[in-house]
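Asker: Count along the sequence shown from 1, then add 392; that gives the number in my numbering.
Because the hints were derived from the structure by calculation, they are not lab data. Just so it is clear, CB atoms sit at the ideal spot from N, CA and C, and this is done for glycine as well. Errors might be hidden in some of the hints.
[To be verified] Subject to a maximum C-alpha distance of 35 Å in a straight line, what follows is the list of computed DSBU-like cross-link-like pairs (lysine-lysine):
1. 640 x 808
2. 766 x 679
3. 783 x 757
4. 413 x 640
[Claimed, not checked] If you anchor each label on the Cβ, the simulated ranges turn out as follows:
5. 450 x 692: 39 to 45 Å
6. 551 x 466: 22 to 28 Å
7. 725 x 450: 54 to 60 Å
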Amino acid sequence: MNVSLFKKHIVDQHLFSAKDKLLLAVSGGVDSAVLCALCKQAGYDFVIAHCNFQLRGAESERDEQFVQQLGEKYAAEVKVKKFDTEQYAAASKLSIQEAARALRYEWFEELVVSLESKQKVRVLLLTAHHADDNVETLLMNFFRGTGLHGLTGIPESVNYIRRPLLPFSKEELLAFAKEEELDYVEDSSNQSSKYTRNFFRNELIPAISKVYPQVKANLQDNIDRFKQIEKLYQLSVGVIKKKLLKEKGAEVHIPVKQLMGYHNRALIYEIIKEYGFQEKQVEELVKLADSYSGKYIESPVSQYRIIKHRHWFIISPVQSVASTAIVIEEKDKQVIFEQGILQVETTSDIKPETSNFIASIDFNKITFPLLLRKWKTGDYFYPLGMSKKKKISRFFIDQKLSKTEKENAWVIESDKRIIWVVGHRIDERVKIVPSTKKSLKLSLHL
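Generate the whole structure from the sequences, applying the supplied hints.
Answerer: Structure (structure tokens):
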């Protein structure tokens, strides 16, 4: 490799330009030393950032001093941050590697934002990941278990991060360093195979190379193929999502029958992952398709639920004011929605309510979770005092509700049955009777 190939790749892939300010993540090893030299020879404007994780005693201090010397050599500003990595790892219940990664990228982001604010230019973070790193990542993801995206390796460009050395092998970087007589430091921990990546680098890949000498080149070719395949895959998924997903305010509505008709769990995951749902929850959603209205699954990392409502899945923010379908659990005491605040109380103080804004319901005649939602054409219930069912649209006409009042009406459903037209009337089938021992009291506050 040489600086001409380096610059050509950057231009061909539109990674960055001479107008950008570059923040180089530099450890002091050969990879980042080569990155510094190439950026200097290419005439790019850069600042050096070095993380001292204080994990290797005097060696960590040596690395920091070396990076300071690189800054002097290239007349570049050097920013250094010391981390108590072990303490952070213990407090966060992370491995040392995970902790170091989290700490450095959080700090890099702070630096990017700060530099952009001060210098009023685009600032990009450059890391020295190369082709061998990419191959190791592919294998690690494959053995760990991954979807198609995990087989595409390390992204060359994501948000403010650029990785311009990805096409070049470790062998090429070492050859460049030797030719340019570059100094660099060695990290002794790289020789230890107790870390997963080092095991792949030091033991697994060399062992495979004895059988398949071209393994690195072949895997790099596979990465390129997987990237092209993923583009086609995402294009196809995008077409299907556009057909299936209906945005309604803060919610997304998906027809259950149509989604299940694809018989494709990969498609389901592509839809739900954007809302914080995990791949293992795909099976839960498949089971939800055959459940009754009001059942739901919840994302473990975000404030989203997928609610089964009749023939639809509704992806909804948890108790969002903008939601048109809100789950009410037995433990809930208050629900905020478009019309106001709904107070929920279970009581043994049994008495029917005369106010339209308070519903007293026989607790033993309902099933949780309840579903608070906007009414729909075709909805019906048995109005209190009546033995026959009535469509809600007809009920509204009889009540002489205005068009706006009709549009803003909500109902509460229990196991497919409407038990209260909110603010108007409860259902005859859930009313309090002399034998009632426990009641659910729902109070609407506008």
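Asker: What hint numbers does the structure not satisfy?
Answerer: The structure conflicts with hint 4 only, although it agrees with all the remaining ones.
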